[in-house]
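Novice: These protein sequence lines are chains A and B, in that order.
In terms of the numbering used here, the first sequence has 36 at position 36, counting the first letter as 1, and numbering is strictly consecutive.
In terms of the numbering used here, the second sequence has 252 at position 252, counting the first letter as 1, and numbering is strictly consecutive.
Be a bit skeptical, because a hint or two may be false.
[To be verified] Pair ranges (Cβ atoms, derived):
(1) A:Met201 / B:Phe158: 50 to 56 angstroms
(2) B:Trp157 / A:Val186: 58 to 64 angstroms
(3) B:Ala273 / A:Pro198: 33 to 39 angstroms
(4) A:Ser292 / B:Glu261: 47 to 53 angstroms
(5) A:Leu145 / B:Ile7: 38 to 44 angstroms
[As the list claims (entries may be wrong)] Derived pair list, reagent style EDC-like, types lysine to aspartate or glutamate, alpha-carbon separation capped at 20 angstroms:
(6) A:Lys144 / B:Glu264
(7) A:Lys247 / A:Asp153
(8) A:Lys226 / A:Asp209
(9) A:Lys316 / B:Glu264
(10) A:Lys207 / B:Glu92
(11) A:Lys144 / B:Glu261
(12) B:Lys187 / B:Asp174
(13) B:Lys33 / B:Asp175
(14) A:Lys247 / A:Glu323
(15) A:Lys91 / A:Asp153
(16) B:Lys33 / B:Glu92
(17) B:Lys187 / B:Asp175
[To be verified] Residues from chain B that keep clear of chain A, each with C-beta distances beyond 12 angstroms, as calculated:
(18) Leu79
(19) Val151
(20) Val167
(21) Arg170
(22) Asp175
(23) Val243
No lab work stands behind these hints: they were computed from the structure.
We put the beta carbon where it would ideally sit given N, CA and C, even for glycine.
Residues per chain, in single letters:
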Amino acid sequence: MSETTLNPSASTPLWRRSVTRDLVAVLILAAVAVALFFLFPSNLALLTRIVAMMLLVLSLDLVTGYSGVATLGHATLFGAGAYAAGIVAAKFGITDPLLMLAVGALAGAAAGAISSLVILRGHGLSQLVLSIAVVSLAHEAANKLSGWTGGSDGLSGISPSALFGMFRFDLFGRTAFIMSVVLLLVVFVVLRIIVRSPFGMLCRGIKQDPVRIRAMGAPVYFTLVKMYAIAGAVAGLGGALSAIATKVVGLDSLSFTLSAEALVMLVLGGTGKLFGALVGTLVFVWFEDRVSAINPFHWLTIVGCLLVAVVLFAPKGLTGAAEAIWKRMRGARS
Amino acid sequence: MQTILSIGADALSYGMVLFIISIGLSVTMGLMKVVNLAHGAFAMIGGYIASYATQQMGLPFGVAIIAAVLGTMLVAVPLERFLYRRIYGAPELTQVLMTIGITFAIIGIANFAMGPTLKTIALPSQLQGPVDLGFRTIAAHKLFAAAVGVVVAIALWFIIERTPFGVRLRASVDDAAMAGALGIRTKIIYAVSFALAVGLAALGGVVGAQLLPIEPYYALHYMVTFLVVVSVGGAGSITGALVAALLLGAVQTTGRYLMPEYGEFFFYLAVIAIVCVFPNGLMGRSK
Numbered sequence: 001m002s003e004t005t006l007n008p009s010a011s012t013p014l015w016r017r018s019v020t021r022d023l024v025a026v027l028i029l030a031a032v033a034v035a036l037f038f039l040f041p042s043n044l045a046l047l048t049r050i051v052a053m054m055l056l057v058l059s060l061d062l063v064t065g066y067s068g069v070a071t072l073g074h075a076t077l078f079g080a081g082a083y084a085a086g087i088v089a090a091k092f093g094i095t096d097p098l099l100m101l102a103v104g105a106l107a108g109a110a111a112g113a114i115s116s117l118v119i120l121r122g123h124g125l126s127q128l129v130l131s132i133a134v135v136s137l138a139h140e141a142a143n144k145l146s147g148w149t150g151g152s153d154g155l156s157g158i159s160p161s162a163l164f165g166m167f168r169f170d171l172f173g174r175t176a177f178i179m180s181v182v183l184l185l186v187v188f189v190v191l192r193i194i195v196r197s198p199f200g201m202l203c204r205g206i207k208q209d210p211v212r213i214r215a216m217g218a219p220v221y222f223t224l225v226k227m228y229a230i231a232g233a234v235a236g237l238g239g240a241l242s243a244i245a246t247k248v249v250g251l252d253s254l255s256f257t258l259s260a261e262a263l264v265m266l267v268l269g270g271t272g273k274l275f276g277a278l279v280g281t282l283v284f285v286w287f288e289d290r291v292s293a294i295n296p297f298h299w300l301t302i303v304g305c306l307l308v309a310v311v312l313f314a315p316k317g318l319t320g321a322a323e324a325i326w327k328r329m330r331g332a333r334s
Numbered sequence: 001m002q003t004i005l006s007i008g009a010d011a012l013s014y015g016m017v018l019f020i021i022s023i024g025l026s027v028t029m030g031l032m033k034v035v036n037l038a039h040g041a042f043a044m045i046g047g048y049i050a051s052y053a054t055q056q057m058g059l060p061f062g063v064a065i066i067a068a069v070l071g072t073m074l075v076a077v078p079l080e081r082f083l084y085r086r087i088y089g090a091p092e093l094t095q096v097l098m099t100i101g102i103t104f105a106i107i108g109i110a111n112f113a114m115g116p117t118l119k120t121i122a123l124p125s126q127l128q129g130p131v132d133l134g135f136r137t138i139a140a141h142k143l144f145a146a147a148v149g150v151v152v153a154i155a156l157w158f159i160i161e162r163t164p165f166g167v168r169l170r171a172s173v174d175d176a177a178m179a180g181a182l183g184i185r186t187k188i189i190y191a192v193s194f195a196l197a198v199g200l201a202a203l204g205g206v207v208g209a210q211l212l213p214i215e216p217y218y219a220l221h222y223m224v225t226f227l228v229v230v231s232v233g234g235a236g237s238i239t240g241a242l243v244a245a246l247l248l249g250a251v252q253t254t255g256r257y258l259m260p261e262y263g264e265f266f267f268y269l270a271v272i273a274i275v276c277v278f279p280n281g282l283m284g285r286s287k
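Work out the full structure, taking the sequences as your base and the hints as a guide.
Specialist: Set out below in structure tokens:
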């Protein structure tokens, strides 16, 4: 019944209603981005980093929120994209930002497909341990192949050329921010289409009951591998974006800590909702930046207590809590 | 031959430390089905208490061990009552998040209270020197760690297999609802086992402090290792945890000796191989 009240013209076909909603969502996101651009002109680097993290968390949402795979190693895909984009720029001279993004997405998708073959072998605890093992292995590999990756010093020497040959990446990060927001909007719309598609529904079905889906005759393992590849492309885009914006790739982009943080952001915002991933990342990284400027350990204490509070009092995350309040207010009015 | 024996001696002591800490985690996972990522944090708390007791207060080592175990239990019991009890039986993701939150908070508080530097625990003179084993000399504290591991394994086996408490515990593991219906107070069993698990973590943290040095990020660094040991061994199995701890300790030590560059590689490759072949762990029960 909320469907009809939200959409006055209930007779319009379903696809057109969802297109309207997508448009509204994109407009809201774009408005927020424009507002942030003018409100915080000196923080554009931080905002670009937030967008890169949002892509990682969106990707994690596809795997964890929509498909029910528990992973603590999602930074593997982010790092693969970041290193691939960085290496082609620093070692092969491919400095066109769009090409770098494409390379990052491809590398992320490949890393996603390959790592999923291992991670999907386990369930529950063993799945978590496998994902941790995968990200640790990737971290070690990047550390040892220092000829390619710069090892623990990080990969530097990435100098992306001007976007479309016209817009140079300026000192204030304006170009980088605008490019990242456009990228985010495109990815967001594509993902909304994917999660609504029959394929997306199949993934949700697998999350709810894999046995039944298998009994229906759908390939559980292969579907999840496909979803993992898509998620890998998204996370790889995020990694490539961070490589372009910061011009350096560090080992921390392949770390267990980043994986755990991404999971925290996702749950903070709310799993199984694309908006949740965006809200959680924005809130988390913004506060992290503010608090850890004072003392990084205070931040750890606060985020720890916050996590416990979210699990106990708002298991559906910030967006879930907001929805509940919204519904109660509507209920009180009518 | 000399190298093999040396590796064996080091691997044994390292594996035993892993076992002492991980067996508590194995009990929590097998019994309460809680993926307790904060387990390493409890080991760290034990280490801090022992360090404070020996360095600041000048207490003897034996007293410090007891203080560490009891002190950590004192911290853990209210946590069990108010936080953990709510997530028994919850999905893994929820448990991971809450326990990671607890870990983060403990790291922050530990740093605030004790500072970011490494803390050492003063050893008694008997444990400081080397001991001659015939083929090589080995640090006495390593032998001590191995001995404690053996004692813990035997004591746990005795408690679980031979005492009334063990019977109730095994009954609650098999079927908590049925055990409750038969008059076993499962909540108390859970609380006691949790305290026992945490006490073992603290013991391991103190005994292994020479191998796994105590600092605020201890909880995060070694947590993965403990989790891996339990997963490879199979949750809830003493023998499994012992075999896994010794096996992984051997893999890691051998890797460090022979190919120091790629030590961690072998460890994680071994983990992936074992978990892929035995998804429920070496000795775990299939679900």
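Novice: Within 47 to 53 angstroms or not, the Cβ separation of Ser292 of chain A and Glu261 of chain B?
Specialist: Taking Cβ atoms as reference, Ser292 of chain A and Glu261 of chain B lie about 33 angstroms apart, which means the hint is violated.
Novice: Evaluate the condition: distance from the CB of Val151 of chain B to the nearest CB of chain A exceeds 12 angstroms.
Specialist: 28 angstroms, holds
Novice: With a cut-off of 20 angstroms on the C-alpha distance, tell me whether Lys247 of chain A and Glu323 of chain A pass.
Specialist: 39 angstroms, violated
Novice: With a cut-off of 20 angstroms on the C-alpha distance, tell me whether Lys207 of chain A and Glu92 of chain B pass.
Specialist: The given pair, whose Cα atoms are some 13 angstroms apart, holds under the 20 angstroms limit.
Novice: Decide, holds or violated, for the assertion that all CB atoms of chain A are farther than 12 angstroms from the CB of Val243 of chain B.
Specialist: At roughly 16 angstroms from the nearest Cβ of chain A, Val243 of chain B sits farther out than 12 angstroms, so the non-interface label holds.
Novice: Lys226 of chain A and Asp209 of chain A were given as a pair; does the straight-line alpha-carbon distance stay at or below 20 angstroms?
Specialist: Measuring from Cα to Cα gives roughly 18 angstroms; hence the hint holds.
Novice: Against chain A, does Leu79 of chain B keep a CB gap of more than 12 angstroms to every residue?
Specialist: At roughly 10 angstroms from the nearest Cβ of chain A, Leu79 of chain B sits no farther out than 12 angstroms, so the non-interface label is violated.
Novice: Mind verifying the non-interface call on Val167 of chain B? Its CB should be farther than 12 angstroms from each CB in chain A.
Specialist: 26 angstroms, holds
Novice: Run the distance test for Lys33 of chain B versus Glu92 of chain B: straight-line Cα separation, threshold 20 angstroms.
Specialist: 9 angstroms, holds
Novice: Please confirm whether Arg170 of chain B is truly not at the interface, meaning its C-beta sits more than 12 angstroms away from all C-beta atoms of chain A.
Specialist: The claim holds: Arg170 of chain B sits with its nearest Cβ about 20 angstroms from chain A, beyond 12 angstroms.
Novice: With 33 to 39 angstroms as the target window, see if Ala273 of chain B and Pro198 of chain A comply at their CB atoms.
Specialist: 36 angstroms, holds
Novice: Decide if the proposed pair is consistent with the structure: Lys91 of chain A and Asp153 of chain A, CA atoms, cutoff 20 angstroms inclusive.
Specialist: Holds - the C-alpha atoms of Asp153 of chain A and Lys91 of chain A are around 16 angstroms apart, at most 20 angstroms.
Checked against the numbered hints above, the structure breaks hints 4, 5, 9, 14 and 18 and satisfies the rest.
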